[in-house]
Structure formats: structure tokens, C-alpha cells
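Enquirer: Here is what each chain is made of, one letter per residue.
There are 4 protein chains.
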Amino acid sequence: MKRIFLSILILSVVCSGTHGQRRILNIPDLPGYVTLKCDLHLHTVFSDGSVWPLNRLAEAYINGLDVIAITDHIEYTPKKEYIPVDLNAAWKISEASAKEGNLILVHGAEITRDMPPGHLNALFITDADELKKDSVYDAVAAAVAQGAFIQWNHPGWKSQEPDGIPKLYPIHKKLLEKGWINGIEFFNSDEYYPVILDWCRKYNLAVMGNSDEHNIISESYREPEYSSRPMTLVFAKERTSESLKEALFAQRTLVWFKDMIGGKPEYAKPFFYASISIGKVFYESSRYRYFEITNKSDVPFYLVNGPAGAPGYITLAARSVTRIVLSKAFTGQLSYDVRNIMTGSEEVLKVELKY
Amino acid sequence: MKRIFLSILILSVVCSGTHGQRRILNIPDLPGYVTLKCDLHLHTVFSDGSVWPLNRLAEAYINGLDVIAITDHIEYTPKKEYIPVDLNAAWKISEASAKEGNLILVHGAEITRDMPPGHLNALFITDADELKKDSVYDAVAAAVAQGAFIQWNHPGWKSQEPDGIPKLYPIHKKLLEKGWINGIEFFNSDEYYPVILDWCRKYNLAVMGNSDEHNIISESYREPEYSSRPMTLVFAKERTSESLKEALFAQRTLVWFKDMIGGKPEYAKPFFYASISIGKVFYESSRYRYFEITNKSDVPFYLVNGPAGAPGYITLAARSVTRIVLSKAFTGQLSYDVRNIMTGSEEVLKVELKY
Amino acid sequence: MKRIFLSILILSVVCSGTHGQRRILNIPDLPGYVTLKCDLHLHTVFSDGSVWPLNRLAEAYINGLDVIAITDHIEYTPKKEYIPVDLNAAWKISEASAKEGNLILVHGAEITRDMPPGHLNALFITDADELKKDSVYDAVAAAVAQGAFIQWNHPGWKSQEPDGIPKLYPIHKKLLEKGWINGIEFFNSDEYYPVILDWCRKYNLAVMGNSDEHNIISESYREPEYSSRPMTLVFAKERTSESLKEALFAQRTLVWFKDMIGGKPEYAKPFFYASISIGKVFYESSRYRYFEITNKSDVPFYLVNGPAGAPGYITLAARSVTRIVLSKAFTGQLSYDVRNIMTGSEEVLKVELKY
Amino acid sequence: MKRIFLSILILSVVCSGTHGQRRILNIPDLPGYVTLKCDLHLHTVFSDGSVWPLNRLAEAYINGLDVIAITDHIEYTPKKEYIPVDLNAAWKISEASAKEGNLILVHGAEITRDMPPGHLNALFITDADELKKDSVYDAVAAAVAQGAFIQWNHPGWKSQEPDGIPKLYPIHKKLLEKGWINGIEFFNSDEYYPVILDWCRKYNLAVMGNSDEHNIISESYREPEYSSRPMTLVFAKERTSESLKEALFAQRTLVWFKDMIGGKPEYAKPFFYASISIGKVFYESSRYRYFEITNKSDVPFYLVNGPAGAPGYITLAARSVTRIVLSKAFTGQLSYDVRNIMTGSEEVLKVELKY
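Protein chains in written order, with this note's numbering: chain A, 332 to 686; chain B, 332 to 686; chain C, 332 to 686; chain D, 332 to 686.
Hints are not guaranteed to be accurate.
Said to hold, decoys possible - Straight-line Cα separation of at most 30 Å, DSSO-like style, residue types lysine-lysine; simulated pairs: (1) B:Lys611 with C:Lys423; (2) B:Lys568 with C:Lys685; (3) A:Lys430 with B:Lys411; (4) C:Lys659 with C:Lys611; (5) A:Lys423 with B:Lys423; (6) A:Lys568 with D:Lys685; (7) A:Lys430 with D:Lys368.
Claimed, not checked - Here are the in silico distance ranges between beta carbons for each label pair: (8) C:Asp521 with D:Asp360: 38 to 44 Å; (9) D:Asp360 with B:Pro493: 43 to 49 Å; (10) D:Val612 with B:Ala427: 37 to 43 Å; (11) A:Pro555 with C:Glu577: 51 to 57 Å; (12) C:Gly610 with B:Asp469: 58 to 64 Å; (13) C:Gly610 with B:Phe613: 31 to 37 Å; (14) D:Thr571 with A:Ala639: 33 to 39 Å; (15) B:Ile609 with D:Thr571: 58 to 64 Å; (16) B:Tyr557 with A:Gly610: 40 to 46 Å; (17) C:Glu556 with D:Glu573: 55 to 61 Å.
Hint data in this document are derived by calculation from the structure and do not stem from the laboratory.
Please read these numbers as outputs of a predicted model, since none were measured by experiment.
Every residue, glycine too, gets a C-beta built ideally from N, C-alpha and C.
Produce the complete structure using the sequences and hints provided.
Expert: Okay, here's the thing in C-alpha cells:
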């Protein structure tokens, strides 16, 4: 009988197999900031998920994340016939193990209502019980009173918005006015909502991306089809819960899933340049210059709409070196659109390659 | 939010992705019998496992199994602070879904004691509560009174037998005499105990192999490293719970894990011949005859100790055709030992290839 | 030094590793016919390919094919500075090994001209040297005089048809009138040309699909991204070169690549039904019937446009069992379009599921 | 028709797919040196290999190597019936493409004799034709006259040494005395010869490791079973052919294959420390200190024989972070043997972890 100790509290080396070790995610830091890889929306058997809370820690550890929030539904607890409702249970079960696993655990809960306003994650709370209120407004107020960061979840979820398009209802506007929505999910599991990028810029909100996993991360995001789960990249001053919170309120985030990055250009642009390095010309023929671009990150970049006389498109595959062959007749700037870095619902990042 | 309906009760096609469909295990039937692929030792959050019972059904469905038993510990329920002890809960939660998923669910429980006698699975019970007894003897008696098949689990588990070698203690002999042990695990997760094959022949017991999974099957047995979890192959008259039980008591089993088959020669031999087919000579040169052996099963066969003048060893890879080149001077019998079919602690299956 | 014997002439078992054995392709036979898996368009170092001819045999053996044709360009031999032109070299080098490997080797050559008429494979020739003619018409005539089957290759290749759309030029019509085009490629490497399905029906031609590999099959079609290379499925009376030729002239073919099947409905329909089996109802609830469909083949089937009251779409994944849950209120016929079986440029196969 | 341009001379980006881009090998530089990843033993159709020379460049490019040598056999040219012997052909065909692909191509040839002395690679030659001599001694002399580095290949190859054990014959001693053997292969394809590590230390020779590939690199070293081909890591002052040669003669090498590193301790030790970084204590409980070790390299390290009171073994998986939990009662040095870094036939590297 091989009993799996899900508590990472093992008094020696955690695991000796590759699968048990912490993956290194190749995601660059930005100047002045450490990049925290976060999944701030997860469920367990304490609401409608199917795993024990410690599994969420083990998954995060193996996946190379820095931060998770377990955010069971407050108002939807279908297993209560067998598991008595305890909205703080996941936190209590996981808190010590998170410390031993060098993971930042965020105390959270999901305020779960019909649309509007839909589902809202309260993050950095101290007691989920106090969020049990008849009025969603009171529930959010209680969370805010605990210092919570409020994240509007899956605003275009088809069970609540059949056309898949997020809509700002009066209650959302009211919450926004009070500062009671601080971020919105652009990615939720395998969905994304382009308009959120515009709203986050307009209303000064953090762009968020999370798995909202109810079942098994490794089954929902199988390798090699998926390189990782959806996640929020938070640019924090330090790798601490306090810095994380500061950075979220300051909206210093990007989101990443599959080969797409979303977020504000002020973070997307340095993220791109921190991911790549452009080598010197290593060879010249009579007509061409040859140089290489190295992309050390786990994110590929698809450069399109190149200038006349230069390559029309360039794919900088993840963890790879790409050779560029440039006509000597070309003397302009190597400007491209990065097709897979969205900075608005109809806008992608523009970059320039200096060789 | 992509809520996973773990109940397979979905009113349309279950799943549209490959991963959600039922794998076909290429395991042959034996003449007169249908081969049921079974994992009769599984845990959930109702004892020390980490998943909800319906996950065990979903895993079995995707893995192509026919039968599972959920066998939570009776005497070890470390999550009881959050989940009240209910020894029949997994059965109640899963019974209806199993029918809808065309899976045979066996009602079970694990009588969990120090060695001796160690851990015993009671299978085909009707009420696990009745097995809560101070005396292990009384617990087994209560299971037998319900018609249970008693399986001795992981007899060489190092937490209970530090040298890893199963031992027959007086209580085991007493239970055997009364007919209260009906099978023993040869495979338990990634361990196996060769002597069990001898004991099963000597005492007329079924050879058993199970995962004893506490956590996530797909993580414990990752492809392509693992082709499947450990399992018991039961040769039943029909694909029903009753036929399964009859076959288990009649000891018509083999066990399979990775590339190893274990069990009695009366089942191992027809299993080998049902897995392969030997083609006619397709080409003759002046000195050689060429023919092919097709192994349609998911089990490779490693044939060794070939006769003089013939290939010394032949590997019949799973789902593959192997070409044989035989000297025309060879006129004997193509007799081999199948190195990976164990029929005793120091005995492997002997076969002959008729071409 | 591990010298690789590419000649499969090894005097014992070919290979003991899985990778060296012959894969079983799960492709059904049709009633009265054996299905030959063929790649009838391959290159070697004797024209502009990069490998030795025996590599083509080894690749075919491992891939589970029955038939290959090596069809080096007659008029394009860019390696002639180092390798003297010998249009029959690949045949001479490979013929004996093919017999020893139970592979049918077709003697071929590619008549390589500008469009029109583009490139034409002459298959089942006896001497490629005789096909060296100034006039393409004379070259085809010489091939036909040898009994060749003429295959028009990649009719929409963008190097010759910049818009990617095949066009019938006068010379094609002339060749068709004389019966000097017998098949056309629908698949060529990773391209396909829908209109070919219409032309093959209109002009009574065989639908062909081939890799046209110049480099390394396992690199061009990497698993798991690709399940196999493009191939022609030929429904022959026997597994012989003569039967293959008869079946090709009789146009008894389908083509397969990735998850797409193309060809005439008279073969596509029995192919579908030979691939699947529909089980009996295994469970009935008050409102639903449950049954399973088994697809033993390596081809998935995407059923769409289901009747009202039944599942709208059903995916029958390769080598999988799919559960169907059908309302008892539904009493009609389970008719579907198979989205990935093309029978015309704008037509897919229609099937009915009898449960 | 998708013609593969094996010449990497493509006038734009080489390839847009991941497979076509240059992999980044995570192998650290050593202080003062750049680590060149080299395979200095490769064959083509110009001797007994099965591919065109440009394929060797394309493979090296994709694999992330810096250097290759094509070393066709001088005295074994079994394809000469079809391909006239030209010992410099591979060099002539590949030289320009290597420059365009930022690969260092070493001009080489394999002096191919019975044992003794067996096979010797002459590297950095200028004309292989001059090495065609009746006497092996003369052949080596001719290579040395061209400034060649002489590498003794696969000294324990079973076709020449049936017991697999390398032996120093008089001719080897004579060559060594004259300085006409400069390196010996420890790794050759999937073989290795432990005694070579001792000989290289005793005779001041470079430890070499190469694939000796005759067929297809991606087929011989399939992922994920193999992380890369065998290779020689050369610690050069610059990434140039001249620096490479200087470093080889100065014996600044390690060899790497699968999870094994071999070589002299003066390079193995800094290689280990350059691969890992040890983090600060991130958590302390009443009894334990917790810290992490990051291994950014593609080489795992298996630390064994730990001191009493500390973890007995630690596996630092490739590209992973490993958590260490250390008793506060432990106050000694964390000294380990690195089981998979061989520095002698019976010696492994010893390291100390400073936390």
C-alpha cells in the first residue's frame, strides 16, 4: 500500500521522482519585480470540487506555481449530505502545509450568485463565514471589511450569459464605483473574454486568469497538449503574501494560458523583452545577414505583419533559438505585431527587434 | 467555469474528447469466458484517499475497466474531523452512476489491522457498518455472513513486514482453514510478492492485483511510462456482478501490471495463445523461412531460452507484428519460456510456437 | 558502434525493441477484400530525397504499411554531382529486402514536368530508363507500354498552381481520354484538394493519398501529433502485387490522413460500418436508454447534424467506446453526417446508427 | 509536394514550427569558458550511413548542438556501387550550410581498421584523401601532419572486443607515446566504457562521447525516453573552431548521455556547482529547516550516501526545484556522492551542499 502523503510535510526530501519535484516555469521577472505565478480560483470537496484541499497544494507545487487561492462556493455546497459545510475548512487544512511547501496560500471564498452579478471571488479574507449574507451586496461588503480583493469570475460564462459576452449590469457599476471590484477574469479554465482587457484599462482593474479547477489539474491540462494551466502573473516587490496583495490592488498583472498572454501594454511590453535576447550577426553572405533570437521563456511569440523587405512573420518558439536571415538591402526597423499578446479586445502588442 | 460532472449521468453523449471516452483494453477473452478487467482495491475521501467516490468511476471508465470496488478503511478514517465516518457512503454515492456508466461496482470495505493479519478487503458485502468489530476475527465473520469474498491485501507491505516478504501467521492459517481468505494480492500498486503465486496454488486461492489507489490514477500511472494500472483479470461466464463473484470464488484470475502477467498456468497458457496468432511462411530463401507472429494484446511477451538452431529470444511487443527468420535446418519444436508470465515464485510459463 | 542494418535481412528476429517491430494499423478489411495500406509516392537520395532506399522499407515496416512505391524524379536529380543518375537504383537496392520484410514494393518513377501536366507517378513499371523522353506524352506512353498505373501527383501544389486549386488542362483531358491517368492524389503530404473527389467520380479514377516524403517519415509525422502518414487504403482481393494493381485500376480505394477519410461512398460507407459496432442497451432509466458504440479503428468519426431529440453530435474516438444516452421519447432514426469522411468536394458520408 | 530544404540556406526564417527551431540545451558554462555541445562522430551515405550530409546539420541544429564532425569511414564504403567514393564529399556539401546555420563543422574521417588499433577519428583535417594508406600508422601520421586531433573510437565495441572491455595493445601505446591519440570515446551511441576515465587521467587524454550515428538521430534517441544524444561538452575560450581545437587538445571536456556525466573531477565539480543553486531557508518549524535547491540544467543529479542525521539521498531532477527538510539537530556538512557523475572507473564526484 503506497499511501500518498498529500501533506507536503515529509521529514526528508519530498519526492525522489521527477513528477514529485517542483517544475521551473520559465517566466521572466520584470525589472524591479519578481513574477509570482498564481492560480486564484480553485475548488475542493468542501463545495463542488472533487479533491481534498491538500491536492491543490501538491498540484501547485508540481506545476511550479508560487500562489494559490482555494475559493470554495459559499452558497453552493452540494456535498453537504456527506461533508458538513465549513467554509474555512480548506484554509485550516492547508495553511501549515503551504508554509512547508514554500507556497503562498491565499484565504478565499467564492460568492456565488445568479447573474448579475454572477460569481465573485473574495481573496485575502480572514473568515469566510462572515460572507454568508442574503444580499450579495452585504456579502461583498463583509469581504471588503476584511480587506479582500474582489475578483469578478468568468463574466461571460455561458451558463449565466448564454451568448458568452460579458455585460456590465447596474450592480457591477455600483460595485465598481465603490471600488468593490478589483479584478476580472480574462481567462477562466479554457475560456477567455476579450472585452475584459478593455474594461480593465477603463476601470483600473487587474486582469486575472485562473483555472477554476473542480477536478484534477493534470487531467484537465494534459501534457504535451497543454504546457500549463491558466494563471495570473503578478509582478510583486517581494515573494510574500503582502507584496502579492499590494501588486494585485496596483493591477500589476498579466495572464497566461496556452500560447496566449493578455494584459496591459505597460507589463506586456517589458515581459516580451525580458523573455528574449537578440544575438549579434553571426554570418554575412554577399546578400544576407544572419542572426539569432533566443526565447528562453515557456511562451512562444508569433510575430506578424513584418515590414517590407524583411521576414513577414517570425515564430519565436518557447525555449528555442530562431535564426533570422535578413537581406542587406533592408535598412528599416524590424517592427512586428505579436499576434498572441493581447493588450485590448482588438489590439495586440507591437514590438521592435533591435539587431 | 467548467464544472466537471463526475456523475457520468449526463443526458447526451458523455464526453466528446478522446480523454473522456472509454479506452479499449486489448485483453483477450478466454474460450468460454469473458475477461473482466477489475481493480478491487480503491480509496476515497471517506477514509484516507483524496478524491470523491465518483472520481473512481470516471477513472475506471476512461481506463477501460469493467469492475471496481471502493474499499475504504473501516478502522482508519483520518478525515473524520471534517467528514463524518460513513462506511457505506462511497457505495451510496456511486451505485446509480455505475449502472449508467456500464461499470460493475462491488460494495467493499477494508478491514484494517496490524500484522497479523494485516489488511483484508471484504468484497460483495451489503453493509460495511456491520464489519466494525473489536476482533478482526469477528469482522471477517460478519463479512462472510454477508457472502463476502475475502482478499488479503499487500501481504508484504513494508510498513507491516519490514523485509517485504509475506508470512503466514497462525491467524492466517486459521482463516484459511475456515475458507475465510479467498484471494491474496500479488500486485499492490507498484509492489509484487512472488510467493503469493505458490500460496494461491497450494491453498486454492485467487491471485489478485489491484492499485490500492489513494490519490489520482492518472498521476500514479502516467502514460507512456505506464500502460495501465495494476488489475485483476477475471474470467467470468458473463459480464455481471454475480458471474464476477462466481469466477473469483472459482479462482479464475490472472493479474497484470506493466509488462508482467502472474497467475496459474491453467489461465496463463490460454491467455498467451489467445493473445497471439502465428502467420504462414510468407517467404523462403535458400536457407531461411520467414513468418510473422501478431500480438494484438496490450501485453508484450518476452520469449527466452529458445532451442538450439532457432532464435534464442523473441520479443512479441504489444500491438505489434514480429518477424521470425528460421533456418531451414531447424526442424525441432519452437519451445520458449515466457519470461514475463510468472506462474510460480520460481516458475514462468512455457509455450510452443506452431508455425 | 551500433551499425544499423537497414536491410531487414537479419538472420534472426529483426528487432527486439518496440520501435523496431511492425505496428498493427487498426484499419478494417471490407467484405470480400483485404485492405492494403499503401504509400505510393516516396523519394530517396537517388533524386532529391535525403535517405537511402532501404530506409523507406524500414519506415514502412515500422509504420505497419503493406505497400510502398519508391518514385524518384526522372527529370530532377540534384545530387548527380555525387550520385550518378540511376533511375532503377532504388528498386534494385530494395527488391530483395522487401520480400524478406513481407512488404510489397512497387517499381515506380515520377515523371516530373512543369504544369501542365505537372508531376505524374508511373507505378508498376519494369524499367524507369525507358521513361526518359523529351515529350511528357512519350514518357507516359512508355510507362503505359510497361503496364503502368499513372497517378497525377499533388494537382494543386502551390509551386505549380499558386492558388492551390487543381485545374484540368487540355493535356490532362487528352491523357484522361486515352486512359493514361488512372488516379489522382487527394492527399499529398499535409495538403489535400477537395475537388479531386468529384473528378475521381466523374472520370472513374482512383482517389490516392501519399506522403511524397523526401526526408524522414518519423520527423514529418511525429507522434502523438500525427497518428500516421497519409496513405491510400486499397481494397484488394489478395495481399499480392497483382491484386493491388487490379484493385487500383478498379478504383477500390479510400485515402486516410490525420482524422480525415476521403473517397467514394461505395467504399466509405462499408468502411465506416466495418470500423464500429453498436452494443445492446445496457441500462434503462425511467427516461433514458443507455448503449455503447465501439470504434476499434485508428480513425475517429465525428457524427454531426443528429436528429431532433437525439444527441446533436457524437464523437466516436479512435480505439474507444462511446456511451450514448438516448431519450425514450425518441423513436426516430439515428441519422448523422460523418463530418470527417469526405465523399465529394461538398459532400460527407451519411450514416445511420441501428441500436 | 513539400520539399524539405535540408540546406539551411533559406532566405527568411528557417522554420516556423517548434520542431524546426533550435532547442536550447540547458547546460551551464564554466567560469571563463563557453560550453560547446559537440557530436564528433557521424556517418552519411558516403560511407555506411543512410542519410545525406545536410541531414546531420539539420539534426544538430534542432538538437541545439554547437559542433559536429562528419567522419565517414575511409576504408569501408559499402555503397560505392551506387555512390562513388569521395572522402571529402560530406565536408564539401555541408561547409557553407554550417556557416549559415551557426554550426561549427569539423572536417573529419574515420580510419577504420581491425583491432588493434580499431577505429580512429581524425578531426580537424584538411583532406581525407591523404589518409588512405595501407599502414594505419601512416594514415595517422598523415592526419597528424594536417594538425588532426586523433580520437580512439568505441574501444570496447563488441565486434572488435568480444568481452566489451577496452584493451591497450602495443600499437596503442606506441601511438600514445608519440602523442597520436588525443582522446578516447567513453560514450559511443548507447555504450560506455568505465576504464576510459582512468586512462584519460593517466595518459592526459580528452574524454569523448559521441553518437556514431549511422541512421536517424531522432529515431535512435526518441523523446521522452532519451533527453538527447550522447555528446562531448567542450569548455572553450570562444565559440570558434580554433578555440574548440585548443580546448580538445587541452582535454577540457566532459561527456553526457542520458542521466550520466563522465570526465575529470576538475571539470565535473564546477559543472555540478554551475548547474545548481541553493536557496535560503524559507521556513523553520520547531524541529526542521526547509530550503530549496534549484537545478536549472538538463542533467539530473542523484546524491547518495548522505551524512547521518540528514537525508540519505537527494534527487535533483533536471529543470526542477527540490525541497530539502533538514533536522535542526543536524549541524554537520551536507556531503554527498553524486552517483551519476563518474570521475573514474570506480569513482564518483563528491560534493557538499552549502545552505
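Enquirer: Run every hint past the structure and note whether it holds.
Expert: Going down the list of hints, with the structure as the test:
| no. | hint | result |
| --- | --- | --- |
| 1 | B:Lys611 with C:Lys423 | 27 Å, holds |
| 2 | B:Lys568 with C:Lys685 | 27 Å, holds |
| 3 | A:Lys430 with B:Lys411 | 24 Å, holds |
| 4 | C:Lys659 with C:Lys611 | 15 Å, holds |
| 5 | A:Lys423 with B:Lys423 | 28 Å, holds |
| 6 | A:Lys568 with D:Lys685 | 27 Å, holds |
| 7 | A:Lys430 with D:Lys368 | 40 Å, violated |
| 8 | C:Asp521 with D:Asp360: 38 to 44 Å | 39 Å, holds |
| 9 | D:Asp360 with B:Pro493: 43 to 49 Å | 47 Å, holds |
| 10 | D:Val612 with B:Ala427: 37 to 43 Å | 52 Å, violated |
| 11 | A:Pro555 with C:Glu577: 51 to 57 Å | 43 Å, violated |
| 12 | C:Gly610 with B:Asp469: 58 to 64 Å | 44 Å, violated |
| 13 | C:Gly610 with B:Phe613: 31 to 37 Å | 36 Å, holds |
| 14 | D:Thr571 with A:Ala639: 33 to 39 Å | 35 Å, holds |
| 15 | B:Ile609 with D:Thr571: 58 to 64 Å | 60 Å, holds |
| 16 | B:Tyr557 with A:Gly610: 40 to 46 Å | 42 Å, holds |
| 17 | C:Glu556 with D:Glu573: 55 to 61 Å | 41 Å, violated |
In the structure shown, a violation is registered for the earlier hints numbered 7, 10, 11, 12 and 17, in ascending order.
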